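Throw the hints in and build the complete structure from the sequences for me.
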Amino acid sequence: MIAAFALILVCQLFGEVLSELFSLPVPGPVIGLGLLFIGLLVKRKPPKELTDAADNLLIHFSLLFVPAGVGVITQIDRVKSDWLPILASLVISTLLTIAATAFLMSKLLPKAPADAGSTRDEGAK
Amino acid sequence: MQPADLTQLWVYLSTKPLTGLTITLVAYSIGFWLYQKSNRNPVCNPVVIAIAIIAAILHVTKTPYSVYFDGAQFVHFLLGPATVALAVPLFRQLETLKRALPVIIFGVLFGSLMATASTITIAYFLGASMETLASLAPKSVTTPVAMGIAREIGGVPALTAVCVIVTGIVGATLGPAVMNIIGLTDWRARGFAMGVGAHGIGTARAFQVNHTAGAFSGLSMGLNTIATALTVPFLWHWLFR
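Read top to bottom, the protein sequences are chains U and A. My numbering numbers the first residue of the first sequence as 1 and each following residue consecutively. My numbering numbers the first residue of the second sequence as 1 and each following residue consecutively.
It should be emphasised that the hints constitute simulated quantities derived from the structure, not laboratory data. The model shown is predicted, which means the values in this text are computed figures rather than measured ones. There could be a bad hint or two in this list.
As the list claims (entries may be wrong) - Below, in silico cross-link-like pairs of lysine-lysine (DSSO-like), each with a Cα-Cα straight-line distance of 27 Å or less: (1) A:98 with A:62; (2) A:62 with U:80; (3) U:45 with A:98; (4) U:111 with A:62; (5) A:98 with U:48; (6) U:43 with A:98; (7) U:111 with U:45; (8) U:107 with A:98.
What the hints assert, rightly or not - Below, a sample of chain A positions facing chain U; criterion: calculated Cβ distance under 10 Å: (9) 32; (10) 86; (11) 110.
C-beta: ideal position from N, C-alpha, C; glycine also.
As structure tokens, then:
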């Protein structure tokens, strides 16, 4: 488990370094995601230790957004002027984007292999 | 115990990182419990409930956010490693990725332009100022990137941060309902749309429901970060130069 976490942190660290060094518009962790993905492509078969660590981190992925979310919501009264156009455009645009993109991709993605689970509705474990 | 003792106890506890961390985990647990009680209704989003509980506690106890964050930062820190870890579910979708790469790139560009163009258009016709428009434009990517883009095109980064979080919450709570209404059942398409439309909060939501959806959401979220960072400044200068 420790080795897997270390590997994940190393990818993030390299990501941060690359992002800073070349002042890329992409944040370090996203570059780290790319690095780990390339590593998996090279290795072909990811070690179970790594997949377990990743799955554990991602089961409660949404918990990790709570601290930043609190910070932003406590600032929300800064949005005094223009609150109506802001709220209306965010709600409409977000739902429109999700609906249109989901529709487009459901038409364009090649048919799922039998195990890709188009019909499976499983809960989080 | 006397009220004075209680106050002293609170003063003592509120300076410890333990308090912020505990509040975060307890509030999220309550949110998750309610979410399960509601038969996993996306409107009962555990993140939204947790944020509401903690914001209320900070407000009532007059605790500054920085004090709370001393404890909450341990949770916040894991956001980076968890983003890196998205590579694993993504790798499990390698077969689909190989077969559909052009479609995926097209889908990300489509979603990115759609999000930016529709937000700017709606806010413009509702009379938003130029500064607000620039702050809104990058709202569907992860906070640090969105703030950077906003700064570049003349927006207010702090306002952008609010817009990003609201976008994620709206997408995560109402997005699934909209896709249900249209009758979309392909978990890959559903997840993909959540990642493009509602960044990490949408991806987190997708992971709660289905691993395939989560993997596609992580994929489109990552690609959308790049797409939006490139297209928004371009679109902005083309529209308003």
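Taking the hints in turn, this is what the structure says about them:
With a CA separation close to 53 Å, the supplied pair residue 98 (chain A) and residue 62 (chain A) exceeds the 27 Å bound. At roughly 21 Å between alpha-carbon atoms, residue 62 (chain A) and residue 80 (chain U) fall within 27 Å of each other, so this suggested pair holds. Annotation: proposed proximity of residue 45 (chain U) to residue 98 (chain A) holds, straight-line Cα distance about 16 Å (limit 27 Å). With a CA separation close to 54 Å, the supplied pair residue 111 (chain U) and residue 62 (chain A) exceeds the 27 Å bound.
Taken as a hint, the residue 98 (chain A) and residue 48 (chain U) pair is honoured in the structure, with Cα atoms around 23 Å apart against an allowance of 27 Å. For the given pair, residue 43 (chain U) sits about 17 Å from residue 98 (chain A) by alpha-carbon distance, which is consistent with the 27 Å threshold. For the given pair, residue 111 (chain U) sits about 25 Å from residue 45 (chain U) by alpha-carbon distance, which is consistent with the 27 Å threshold. Distance hint between residue 107 (chain U) and residue 98 (chain A) is fulfilled; the C-alpha atoms sit about 17 Å from each other, no more than 27 Å.
Nearest Cβ of chain U to the Cβ of residue 32 (chain A): about 8 Å, under the 10 Å cut. The hint holds. Interface restraint check: residue 86 (chain A) against chain U, minimum CB-CB distance 5 Å, threshold 10 Å, status holds. Of the supplied interface hints, the one on residue 110 (chain A) holds, with its beta-carbon coming within about 6 Å of a beta-carbon of chain U, less than 10 Å.
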